[in-house]
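Peer 1: These are the residues of each chain, in order.
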Amino acid sequence: MINKIETSLKTVVEDIKNFYRKEQHHFLTLNGVKLDDETTQVQWIFSTYGEVDDITMFYVDVKQYEFIPSVVEILPSAIISQREIVDMFGLDVEGSTKGLYLDEDSQQMPLGSCGI
Amino acid sequence: MGNKKIINIPLGSQHISLLEPVKFKFACENEKIIEVDSDVGFVHRGIEKACTTKFKFDAVPYVVARICGLCAITHSLCYTTAVESLLEGEVTQKAKYLRILLVELDRIHSHMLCLSHTAENAGFEAMFMQIMGDREYVMDLQEKISGNRIQFDYVSIGGVNRDITTDIIKDIKTNLKIIKSKVDEYIDEFTNNWSLSLKFQDIGALSLDEAYDYNAIGPLARAAGLKTDVRSETNYLPYDEVGYKMQLGTVGDIHSRNIVRLNEILNSIEMCENIVDGLPQGDILTKLRGKPNGEALVRLEAPRGELMYYIKGEGKPLLNRVRIKTPTFACIPAFMEVFKGSNYADAPAILASFDPCMSCTAK
Numbered sequence: 000m001i002n003k004i005e006t007s008l009k010t011v012v013e014d015i016k017n018f019y020r021k022e023q024h025h026f027l028t029l030n031g032v033k034l035d036d037e038t039t040q041v042q043w044i045f046s047t048y049g050e051v052d053d054i055t056m057f058y059v060d061v062k063q064y065e066f067i068p069s070v071v072e073i074l075p076s077a078i079i080s081q082r083e084i085v086d087m088f089g090l091d092v093e094g095s096t097k098g099l100y101l102d103e104d105s106q107q108m109p110l111g112s113c114g115i
Numbered sequence: 000m001g002n003k004k005i006i007n008i009p010l011g012s013q014h015i016s017l018l019e020p021v022k023f024k025f026a027c028e029n030e031k032i033i034e035v036d037s038d039v040g041f042v043h044r045g046i047e048k049a050c051t052t053k054f055k056f057d058a059v060p061y062v063v064a065r066i067c068g069l070c071a072i073t074h075s076l077c078y079t080t081a082v083e084s085l086l087e088g089e090v091t092q093k094a095k096y097l098r099i100l101l102v103e104l105d106r107i108h109s110h111m112l113c114l115s116h117t118a119e120n121a122g123f124e125a126m127f128m129q130i131m132g133d134r135e136y137v138m139d140l141q142e143k144i145s146g147n148r149i150q151f152d153y154v155s156i157g158g159v160n161r162d163i164t165t166d167i168i169k170d171i172k173t174n175l176k177i178i179k180s181k182v183d184e185y186i187d188e189f190t191n192n193w194s195l196s197l198k199f200q201d202i203g204a205l206s207l208d209e210a211y212d213y214n215a216i217g218p219l220a221r222a223a224g225l226k227t228d229v230r231s232e233t234n235y236l237p238y239d240e241v242g243y244k245m246q247l248g249t250v251g252d253i254h255s256r257n258i259v260r261l262n263e264i265l266n267s268i269e270m271c272e273n274i275v276d277g278l279p280q281g282d283i284l285t286k287l288r289g290k291p292n293g294e295a296l297v298r299l300e301a302p303r304g305e306l307m308y309y310i311k312g313e314g315k316p317l318l319n320r321v322r323i324k325t326p327t328f329a330c331i332p333a334f335m336e337v338f339k340g341s342n343y344a345d346a347p348a349i350l351a352s353f354d355p356c357m358s359c360t361a362k
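Order-wise, the sequence lines are chains A and B.
For the first sequence, counting from 1, position 115 maps to 114 in numbering that gives the first Met the number 0; every step adds exactly one.
For the second sequence, counting from 1, position 326 maps to 325 in numbering that gives the first Met the number 0; every step adds exactly one.
Wrong hints could be hidden among the right ones.
[As the list claims (entries may be wrong)] Listed next, the in silico EDC-like pairs over lysine to aspartate or glutamate satisfying Cα-Cα at most 20 Å (straight line):
| # | chain 1 | residue 1 | chain 2 | residue 2 |
| --- | --- | --- | --- | --- |
| 1 | B | Lys315 | A | Asp36 |
| 2 | A | Lys33 | B | Glu209 |
| 3 | B | Lys244 | A | Asp52 |
| 4 | A | Lys3 | B | Glu294 |
| 5 | A | Lys3 | B | Glu209 |
| 6 | A | Lys97 | B | Glu135 |
| 7 | B | Lys226 | A | Glu72 |
| 8 | A | Lys16 | B | Glu209 |
By construction, these hints were calculated from the structure, which means they are not laboratory data.
Computed from a predicted structure; not experimentally measured.
With the hints as constraints, model all of the structure from the sequences given.
Peer 2: This is the structure in C-alpha cells:
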C-alpha cells in the first residue's frame, strides 16, 4: 500500500523536511514516470524502518522545462537518483549534472520526451 | 610545515581489486583520502527502457534476471511479485517456500564470493581459493533445483518453473551440512587470523549515524547496527515461518561486515533446512489472468541489500514504467563517505568489503 501525497515544486523540499525523520524513515529513491509528451511525475519514495510495507510517496507532476529543487541537504543519498533522472528524463534538477550513465554532452533522454 | 600537496589518484575503471568497471577518483593528502568522486555508468544497458518497449510484461522476468548474475533470482522475483500484486489470484505457499529457498541459496553464494574477495584483498590467496571452491556446493544445488548454476530463470508470474524432488532435498541437506561446517571454519579464521581480523578492524568504518544519514542498506547498514532488513519489513514471502533472524554488528568496519555476512550465511542455511523439512504440498504454478493495471512497488532483500521494483501498467501487454532501484546504486553516496578519511592503501579492501555490483548499478 502506497500512501501518495501530492505536493508542488515550491513546497516539496519543505514538505519532505517536515516529514522525514532520519531514524524513522528510509529514503528509497527518486523516481520518474512519464505521463505524456510534456509531463513527468517525479516521486520521492520513503519506507519506515521496522514497519511492514509502510511506503510514503511525495509526488509532483512537472513539465519538461520546469526546475526541480534538490533535496540533498535533507537526504544526502538522493544525489545519485537525482542525477539518474537528469540522464534518463532530461529533467533539470538543482545541482545535478548529466553524465551518470550517458555522456555529459549527450542530447539523449531515453525515458523522456524524445525517447532516444 | 608547508602547504600540503593534494594528489589525485584514480581507482579503476579497471582495477585488480574488483573485476567490474567502476571508477573512483580520490583526492589524497599524503596517504589520506580527503575527497572522492565516482563514475559508475560504464555498463549501462538501458534495461528499464527495454522492459517498456521491447518485451511484454510476462517476458520481463527473464529480461530483468539478466541485470545481474549474482542476484538474478531476486530481480525476477521482485518484478514478478509486483506484477502478481496487480493481477487476480494467489501464489501457492509451496511456490513461496521454493522462492525463499532459491533466494537464500543465492545469498549464501553471493556472500561467499564477497568474503573470498575480501580475503584476497588481505593477501590471503589460499583462503580466496578455498571459499571459491566451497561455493561450488551451493552452485551445484542451484543447478539441481533450477537447471542452471547462475543465470536461472526459476521464477515465473504465478509461481516457479520446476518442482523439487526427494533426491534433490537429500542433496540440499548433505551440501548444506558441508557448507555449515566450512562457514564455522571461516568464522574462526575471520575472527582469529591477523590478516582477516585485526588488519580489518576500524578500517573503512561507517558509523550508525552515517548509516542513517546516507540511507545505507543491507550488510553495510546492519554491520553499523542499523536495524533494517526488507525480510522483516515486507510480507510477500513467509520469512517469519522459516526462521529468519536479523544479524547485526556494532562497529561498521570491514571486520563487522565480514562477520555479519558470515552470520547471515548460517541463518540462510538454517532457513533452507527449515524449508525443505516443512515444504508445503500443492502446485508450484498458478495461472494468473489479466494484464497489470495500476501501479505497484515491491521491495526484496537481495544479498547486497534492498532491491526495489516500481511498475505501472494500463492493462496492456507493454508496461508504462519499470523502475529498478538496486542496492549498490543506492549505497554509492555511503561508499564515498566511508572512503573519506581512509588511507588510499586501504581503498581496494574497503571497496571489496562493500561487495559492489556494477552490473546492477548501471543496469
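Peer 1: For every hint, state whether the structure bears it out.
Peer 2: These are the hints, each one checked on the structure:
no.: 1; hint: Lys315/B to Asp36/A; verdict: holds, 19 Å
no.: 2; hint: Lys33/A to Glu209/B; verdict: violated, 34 Å
no.: 3; hint: Lys244/B to Asp52/A; verdict: holds, 18 Å
no.: 4; hint: Lys3/A to Glu294/B; verdict: holds, 11 Å
no.: 5; hint: Lys3/A to Glu209/B; verdict: violated, 28 Å
no.: 6; hint: Lys97/A to Glu135/B; verdict: violated, 42 Å
no.: 7; hint: Lys226/B to Glu72/A; verdict: violated, 24 Å
no.: 8; hint: Lys16/A to Glu209/B; verdict: holds, 18 Å
Going down the numbered hints, you'll see the structure goes against 2, 5, 6, 7, while the others check out.
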